[in-house]
Amino acid sequence: MGIIKVENIRVFAYHGCLQEETKIGSDYRVDLQVEANLQTAAKTDKLSDTVDYVFLNRIIKEEMLIASHLLETVAKRILNRIFNEDKLVKKATVWISKLNPPIGGDVEKVTIKMKDKRKN
1 MGIIKVENIR VFAYHGCLQE ETKIGSDYRV DLQVEANLQT AAKTDKLSDT VDYVFLNRII
61 KEEMLIASHL LETVAKRILN RIFNEDKLVK KATVWISKLN PPIGGDVEKV TIKMKDKRKN
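Residues in the sequence shown are numbered consecutively from 1, following UniProt numbering.
It is possible that part of the hints are untrue.
[Stated by the list, open to error] The calculated lysine-lysine pairs, modelled on BS3-like cross-linking and capped at a C-alpha distance of 27 Å, are:
#, residue 1, residue 2
1, Lys76, Lys115
2, Lys113, Lys91
3, Lys46, Lys90
4, Lys115, Lys90
No wet-lab data here; the hints were simulated from the structure.
Please take these sequences and the hints and turn them into a complete structure.
Shown next as structure tokens:
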């Protein structure tokens, strides 16, 4: 097994339960870690034998554009797509951080972390 990380993906999106959040939007940071067998790719030197981090980045950006009340919902969509669209991924963890959240204080970020593994 091996690990691929895509870190500090910056996205502007419209998530939140407050009406203002869905109108003005916020800055987000997304981090992703996937586990897969990377031994074949190490031998063949072929992109088709590994998990393409360009593909992972695209999934994150596309799912972050779909407004949701909860970051948990967005995280689950990201994980579902990764497992549905890349059979090499065995486990994945996603962190989604809302930067400068409107929670009545000087808070740098709030972060949710969700992980899942392939069922079959």
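Hint check:
| no. | hint | verdict |
| --- | --- | --- |
| 1 | Lys76 to Lys115 | holds (9 Å) |
| 2 | Lys113 to Lys91 | holds (14 Å) |
| 3 | Lys46 to Lys90 | holds (19 Å) |
| 4 | Lys115 to Lys90 | holds (11 Å) |
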